[in-house]
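Generate coordinates for the entire structure from the input sequences, incorporating the hints supplied.
For the protein sequence lines, the chains are C and G, in the order given. Per the numbering used here, the very first residue in the first sequence carries number 1; after that it's consecutive. Per the numbering used here, the very first residue in the second sequence carries number 1; after that it's consecutive.
If you are wondering where the hints come from, they were derived from the structure by calculation, not from laboratory data. Please read all numbers here as calculations on a predicted model, not as lab measurements. For every residue, glycine included, the Cβ atom is placed at its ideal position computed from N, Cα and C.
Covered stretches of chain C, going by a simulated chain G footprint (3 or more residues, C-beta under 8 Å):
1) 15-22
2) 27-40
3) 64-76
4) 277-283
5) 286-299
6) 336-342
The calculated label-pair distances, taken between Cβ atoms and stated as ranges, are:
7) C:Gly-265 to G:Phe-112: 51 to 61 Å
8) C:Arg-307 to G:Leu-74: 30 to 40 Å
9) G:Phe-40 to C:Glu-209: 54 to 64 Å
10) G:Ile-76 to C:Asp-55: 25 to 35 Å
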Amino acid sequence: MTDPALVSLVVFGAMILLLALGVWVAVSLTAVGFIALFFFSAAPTGSLLASTVWDASWNWVLTALPLFIWMGEILFRTRLSSDMFHGLVPWLQRLPGGLFHVNIVGCGVMAAVAGSSAVTCATVGRMSIPELQKRGYNEQLSIGTLAGSGTLGLLIPPSIMLIVYGVIAQQSISRLFIAGLLPGLMLIGLFMAYVAIRTKLNPALAPVETVRFTLSEKLDRARLLIPVLLLIAFVIGSIYGGYATPTEAATMGVIGALILAAVGGSLTFASFQESLMAALKTSCMITFILAGAAFLSIAMGFTGVPRVIAGYVEAWNLSPYELLAVLTVVYIILGCFLDGVSMMVLTASVVLPMVDKAGIDLLWFGIFTVIVVEMAQITPPVGFNLFVLQSMSGRDILQVTRAAMPFFFLMLLGLVIITAAPWLVHAPVQLMLAR
Amino acid sequence: MTLRRTLDGLYLFSGWLGAAFLAGIALAIIAQVVGRFLGFTIDSTETAGFCMAASTFLGLAYTFKQGGHIRVTLMIRHLPPNLRRSVELFCLAFTAAGLAYFTYWAADLVYFSYVIDEISPGLMAIPFWIPRSGMLLGLMIMTTAVVDEFFSVLRGALPNYEANAESVFEPIDEIGR
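See the structure below:
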């Protein structure tokens, strides 16, 4: 066996080089796996590559992923996005901070549907940025709320990111979905409380809304919003109640989305085809990365690198809290260069055994990781939400980043809260299991 | 020009097949649920998994052409055009070589499972070479697409995955249909 320290050096060097040169992430992962196996082990590289990738690609657990993506793509092509703003205004305008809350809650709902934070951010922002500006809301806070709450899509179920984590960490997707519920709502609560406090302290940030709506007006304006909320509740509820596996729930979600689109009159052959092709593109990208990662982690196992690194970390004698703090910093730095899926998948083979050994629950760690990935979405230079808002608001990246910063720290606060009170993650899962 | 059209048609057709298999996952699940209601057992765990694999691999080339696969362009974005082109050519050549190697071994896997008549463990007992052929076919088409792209960049064209890549902002213009 070759010296694992040398292997680590070669493996990490190759990874950084390939990624920096712009080789596709999935290809880079597979190629590094190849290097590790071919040069540093006696295993039959080629046949191991084919069989590992094959096994990873027909994983039953993974089948929920394309379906949830498809459901989002169908709903995205309905009038939902344009109804979102008008539907939410009457319900939220009386809160302190007024329409800023439409940004937050709108992103929360869109998040449950779309599962991608850039799309969430763009969809809600397109309506609300000009509208809020016209009504005299503070622009910086408006951009900040969008940047922050746009990331909720990663956590609020059905979340693509949690499926990806579940597959690589071999955790139950159902449990992850349920575990993500309270922390997701908690983040929405934190954002709303922050906006309320800011506007109380400085009333100039938001004008007072004076228009009143009757109940029937409120319901009429929320025409598409309510069925979509019911659909999401139904999908999550069937998982929660143990009536359906995530894949079955996702199938019902697709059927429900198709019905809503048909009733709303936006279901045409062209839009059906578009939604399916768009879903294929996203799902293909993610599963290709996952397949490459499966091969990489097998290869790493052969070389013994994860054990050596875990040994180093163990020698530092970190407490679980210190380990989490270190990982948070590492993820935030990585997040400056990589997108969420790549980041999670890249670190999995080294980080997960380490975390497991430190006695940290892997289900809880999934929620933790996703929140950190959310934070990474709004850190420059690669923060997808920042790019979106930059183009929509016409402000430069520095101004957008500054607007987003408070929300970065609110999410950090969220991390501290779930670390201090892990029951936020565990209690709903226990409740589900106890039934 | 006919070669160009044939190849583009091939990638698109393969993408459609991939999309059909994606919808096939949902159909398999529906069949299972309906079967449960009517009292007969349809085991869709494997069928859905096979559709999943077929969808992924057959969708590779289409996703590639559309710029769907993720890469880090943070560093190479700032290179001068000539150097940037060389780097793109390296990426494409590297990827093509890797895919060709993978395709060879995928063919080996299909051939091997055909020879020893390997059967899936589930109720359906499907010979493994059938779904694995989907992987092989998808990889062959993807390899073709990358080689194709290499030569078109070599001739001075802008890479398709750059030209077609929808920026994250594009969905904004699509709303309101």
